Amino acid sequence: MNENTPVIQARNLDLTFETNDGPIHALQDVSLDIMKGDFVSFIGPSGCGKTTFLRVIAALEEPTGGTVTVNGMTPDEARRARAYGYVFQAAGLYPWRTIEGNIRLPLEIMGFERPEMRERIDRVLQLVDLEGFGKKFPWQLSGGMQQRASIARALAFDADILLMDEPFGALDEIVRDHLNEQLLRLWDKTSKTIGFVTHSIPEAVYLSTRIVVMSPRPGRITDVIENTLPRDRPLDIRDTPEFLEIAHRVREGLRAGHAYED
Amino acid sequence: MMRNLLSILTVVAAIIGLWYAACIPMNMHEATQQAQRAGTEVTPATASERLQLGGIALAVKNPTLWRGSFGQDRPRLPSPDQVMTELWNTTGAMALSGRAMSKRSLVFHSWITLSATLLGFAFGTGLGIILAVGIVHSRAMDMSVMPWAIASQTIPILALAPMIIVVLNSIGLQGLIPKAIISAYLSFFPVVVGMVKGLRAPGMMQLDLMRTYNATQGQTLWKLRLPASMPYLFASLKIGISASLIGAIVGELPTGAIRGLGARMLTGSYYGQTIQIWSALFAAAILAAILVGTIGLIQRRTLKRMGMQP
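Sequences listed follow chains A and B, in order.
One rule links them: number in the numbering used here = place in the first sequence (from 1) + 197.
One rule links them: number in the numbering used here = place in the second sequence (from 1) + 88.
Excised from the complex, chain A in its bound form (with noise of 0.2 Å):
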């Protein structure tokens, strides 16, 4: 695959669940490339299809309507594959599992043999910075170690795409930056194409390539925008012109989407 081979291509998706209160239209007419190597953002406000539409890619939902490819493949197809980690709100870590034990939980279920996933921990824990930790039970650790945790579980097998939705929201102000920035140092080492979903506008112009705008009923896209800044972004981009002028058009798209309420 080269630079501009589409991974995940949507193609007028469309997901309508049916509730005792009627249909809700969680998407409409979705159409969106993700190229190879992007970090694509998507942002919006609740109920706007954002974390929906992760979940179709990851085929934890299933689409009304419409097309989605994952590698070329249909997102269930990619599943089974084993093509993508998750990275869900919460760490979701096991509380019966040391940290080492929940890393290795996806490698045991994909039959890795003990040797690789020992070298497979060790290398995980290294890049989400926790290494002597993994002998640690979960609520050992404070709310961002194990959020760390929980990415190096997702990338411990290895899948060229990493879905994370809402990974940071828990934190505070503080961990937070820390660990874009950790995320961000993590994406450029490791190549991956990355979905994030967020509510957050700066989070979301400091980590993306690609800022993805939804609002909601129905749940669609408004705007897709183009981050301009540098791959290399310190924390402190965030004071430049550039990057305020970047947060000034993801405002206004939001702004724009959400005009009709009130």
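Calculated directly from the structure, the hints in this document are not laboratory data.
Keep in mind that the hints are not guaranteed to be accurate.
To be verified - Below, simulated PhoX-like cross-link-like pairs (lysine-lysine); rule was C-alpha separation at most 20 Å, straight line:
no., chain 1, residue 1, chain 2, residue 2
1, A, 332, B, 149
2, B, 392, B, 326
3, A, 233, A, 386
4, B, 311, A, 332
5, A, 333, B, 311
6, B, 285, B, 326
7, B, 392, A, 333
8, B, 285, B, 311
9, B, 311, B, 392
Since the model is a prediction, treat every value here as computed from it, not as a measurement.
Once you have looked at the hints, place chain B on chain A.
Only chain B this time, still in chain A's reference frame:
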């Protein structure tokens, strides 16, 4: 810790005090009878008049005869020291003289009941876990098994036990197995209920995570559902083991069994040996406490090894 101990001892002392106090009116008729035979003045003077009176009234009229309520051979209500003495004589004292397994020893009878309890508990727990796994994985089983499991527990075991014994006897099963089956019948239910809840304890996110790994149902069961259900399992096991013990004792009652704690209680009641009944009762209670305590200990060690916070 000290304060806890103090409050526990206070409660125990209050119970013993109440028990001793209750012995007086309960045994007063027999006490006045014996006193009269020994030539002491008793009010009222005739036995038939005394029978008209309740125990408390009789005790009030004869305050000097209270002592006679204690230490009777066949009291209506034996005093705590009588029960404890009998308990010691039939357990510790016999064990010290090397007759722990004699037919008169409560250690022997306890062992008979315990073996049925443990076997039944193993059956019941195994059956309970298998049913719970089935219920969680199959909607048909969820709809069909649970109502029957609940219905099974609404039938009084005392009514069912003789039938189980008779039916099994007719196919040549006697002794340990029928009792164990009655035990299992009582103990599988809390395990089913607890394990269904425990196996369903993992949330949507945990299950979605397994799905993203393309884990099989077996892997999800083994690596997620079973470990997550452990706290629930142990809570159920504690109820299950005491239900097993009750099952084993009830299983000994209708068979005319001559061995086991249930048999001890039954023969005690045939011959008016209240002290024997009470000491068998206490032996059963102590056995239950040991069993539940043992499970509590295993629970603490297991959950600690699983890294769950104490």
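Hint check:
For the given pair, residue 332 of chain A sits about 75 Å from residue 149 of chain B by alpha-carbon distance, which is inconsistent with the 20 Å threshold. For the proposed pair residue 392 of chain B and residue 326 of chain B, the alpha carbon gap of about 18 Å is at most 20 Å, so the pair holds. Distance check on the hinted pair: residue 233 of chain A and residue 386 of chain A sit about 14 Å apart at the alpha-carbon level, within 20 Å; holds. Pair hint residue 311 of chain B plus residue 332 of chain A holds up; C-alpha atoms about 19 Å apart against a cutoff of 20 Å.
Straight-line distance between C-alpha atoms of residue 333 of chain A and residue 311 of chain B comes to about 19 Å, which keeps the hinted pair within the 20 Å bound. For a cut-off of 20 Å, the pair hint linking residue 285 of chain B to residue 326 of chain B stands: about 16 Å separates their Cα positions. In summary, the hint linking residue 392 of chain B to residue 333 of chain A is supported, as the alpha carbons are separated by about 13 Å, within the 20 Å threshold. A C-alpha spacing of about 17 Å is found between residue 285 of chain B and residue 311 of chain B, which places the hinted pair at or below 20 Å, so the restraint holds.
Distance hint between residue 311 of chain B and residue 392 of chain B is fulfilled; the C-alpha atoms sit about 18 Å from each other, no more than 20 Å.
Of the numbered hints stated above, the single one contradicted by the structure is hint 1.
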